Amino acid sequence: MIYAENILICITVPLLISILFLRGKTRLLTIFFLLGMGICLLAAYISGFAGLVGGLGKNDTAVFLSPVIEECMKCLPMFFYFFLMNPGGEELFLCAVGTGAGFSLFENVCYMLTAGADRLSFILIRSFAVGTMHIVSMLTIALGLSFAIRLKAVTIASVTGAVALAMTFHGLYNLLVSEPGISAEIGYALPLLTAILMHAIYIRMREEGAKGTEKQ
Amino acid sequence: MSVELFAIMIQTAAMAFLVIRTIRIAGDSHRSMMTVFFLFAAISLLVNNAYWVAYDLLRPETRMPFAANEIGESASFLLLASSLSAAVPDSHEGWKSELIGTILFILASVGLWIGWSGEWIQDILGGITYGYFLCIVIRSLKQTEALSGVEWRLLAAGSALLIAAQTSIFALPEPFKAPMDLFCYILMFAGMLFFIIRGILYLRRKEESGKTIAMAFAAYAWTTSTIYMSAGIWYASAAVVISAPLLMMLFAVEGMVKRHDLR
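One line per chain: the protein sequences are C and S, in this order.
Going by my numbering, the first sequence opens with residue 34, and the numbers climb by one from there.
Going by my numbering, the second sequence opens with residue 314, and the numbers climb by one from there.
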């Protein structure tokens with residue numbers, strides 16, 4: 034038993050205090066980072082419960098249920114923020130990165146306490162693969178929402194499409210790494226490669242946004 | 314490797330080509346609504362198929378209890394419907410009888426899917442999104458006058474006959490099931506061929522963009538319905554054939570972008 038709630042309190046309290054001294058985008062990022070950690074704990078409860086009710090084992094819960102539950106939970110703070118505050122693209126990306134990073138950080142901390150931190154290969158996988166995957170899936174939703182905002186097409190289809198894409202990507206990763214061998218190697222590489230691709234798209238979008246501002 | 318898996322892999326290759334080409338089209342169109350939705354749909358289909366291939370390779374002969382890719386598949390229908398709506402906006406011309414027919418077809422199809430698989434929730438949720446996509450396809454076909462009056466009547470009769478034949482298989486005695494099954498497959502594949510050939514002709518003749526896109530999406534919708542109603546070698550064949558409507562949709566979207574018929 035790792036007392037995940039106690040760990041959450043231990044990590045979040047200093048960050049909560051720090052919010053008092055932060056302003057602007059830094060504060061925004063920190064808030065969503067904290068939310069991401071809280072969402073991680075809640076998602077773990079719900080996934081575990083759903084697995085028990087569905088009669089699925091730990092492995093099957095991780096492959097079939099966790100992607101859907103975790104992505105739904107992760108996107109809630111962003112959607113709440115979006116529909117309440119109507120932020121721009123930059124703020125959406127900050128929200129996505131913060132939530133994804135907070136989620137993956139707390140998940141990694143809990144895993145290390147459970148499995149130990151002595152094996153470097155395990156640590157590298159947790160950080161470069163799993164950790165990156167949570168950020169990439171949130172960025173997928175943010176990218177979809179960002180495009181929908183630009184096209185003035187924030188509809189059920191566009192929002193559902195973005196979330197579903199994130200869920201399928203997460204599900205694909207969990208499936209690939211669930212069995213040892215070449216599939217696991219592909220799975221571990223997938224999030225980092227996707228993150229590099231998304232970074233290129235993000236840079237391009239910022240450049241085009243800057244050109245659009247110059248023309249005006 | 315099973316025949317179905319091989320067919321899905323061919324389909325996945327077609328989808329990968331679709332995504333790569335669509336990224337370029339989206340850039341050329343200055344990211345119009347139609348192309349962005351189409352791109353997201355294409356990526357969704359590709360990731361969904363990649364999931365299927367990975368699952369079949371890692372867990373062969375094991376049925377999925379529930380999977381994220383089913384949500385992805387449903388989302389792809391919504392995204393394709395949005396893309397088609399942007400390409401062929403509603404002209405508010407009446408299509409009440411076609412809408413009622415489509416809804417009846419979807420309800421009957423969902424009933425059949427549940428009868429075959431027993432998966433109520435997945436089939437109802439999938440039916441809602443597929444049904445919405447099919448409604449947009451039918452509206453587009455009607456409002457672009459892509460089908461003649463005779464063809465509409467043939468489509469209605471063929472769809473009704475297909476549903477009746479598929480439903481009767483549940484009640485027929487064993488010796489009659491296989492011939493009726495074969496009849497259903499002939500009907501479905503004939504419909505597939507009709508839409509694909511008509512779509513190819515529209516593309517070659519450089520018909521009006523709206524008609525061509527509507528026909529291409531209709532070919533995809535009918536082939537998807539065929540896949541859902543098929544098993545074994547028929548399923549594998551339809552899964553390979555769907556590559557044609559996928560490419561038709563791509564070329565139709567590309568044609569619309571090149572002619573600057575963007576909405």
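What the hints contain is simulated information worked out from the structure, not anything from laboratory work.
Here the structure is a predicted model, which is why all the values come from computation and not from measurement.
Heads up, a few of these hints could be off.
[As the list claims (entries may be wrong)] Derived pair list, reagent style DSSO-like, types lysine-lysine, alpha-carbon separation capped at 30 Å: (1) S:K490 - C:K185; (2) S:K519 - S:K490; (3) C:K185 - C:K91; (4) S:K571 - C:K91; (5) S:K519 - S:K455; (6) C:K185 - S:K571; (7) S:K571 - S:K519; (8) S:K455 - S:K571.
[To be verified] Computed, partial: chain C to chain S, Cβ under 10 Å: (9) L98; (10) L184; (11) G214; (12) I236.
Note that the Cβ used here is the ideal one computed from N, Cα and C, for glycine as well.
Which numbered hints are broken by the structure, listed smallest first? 1, 2, 3, 4, 12
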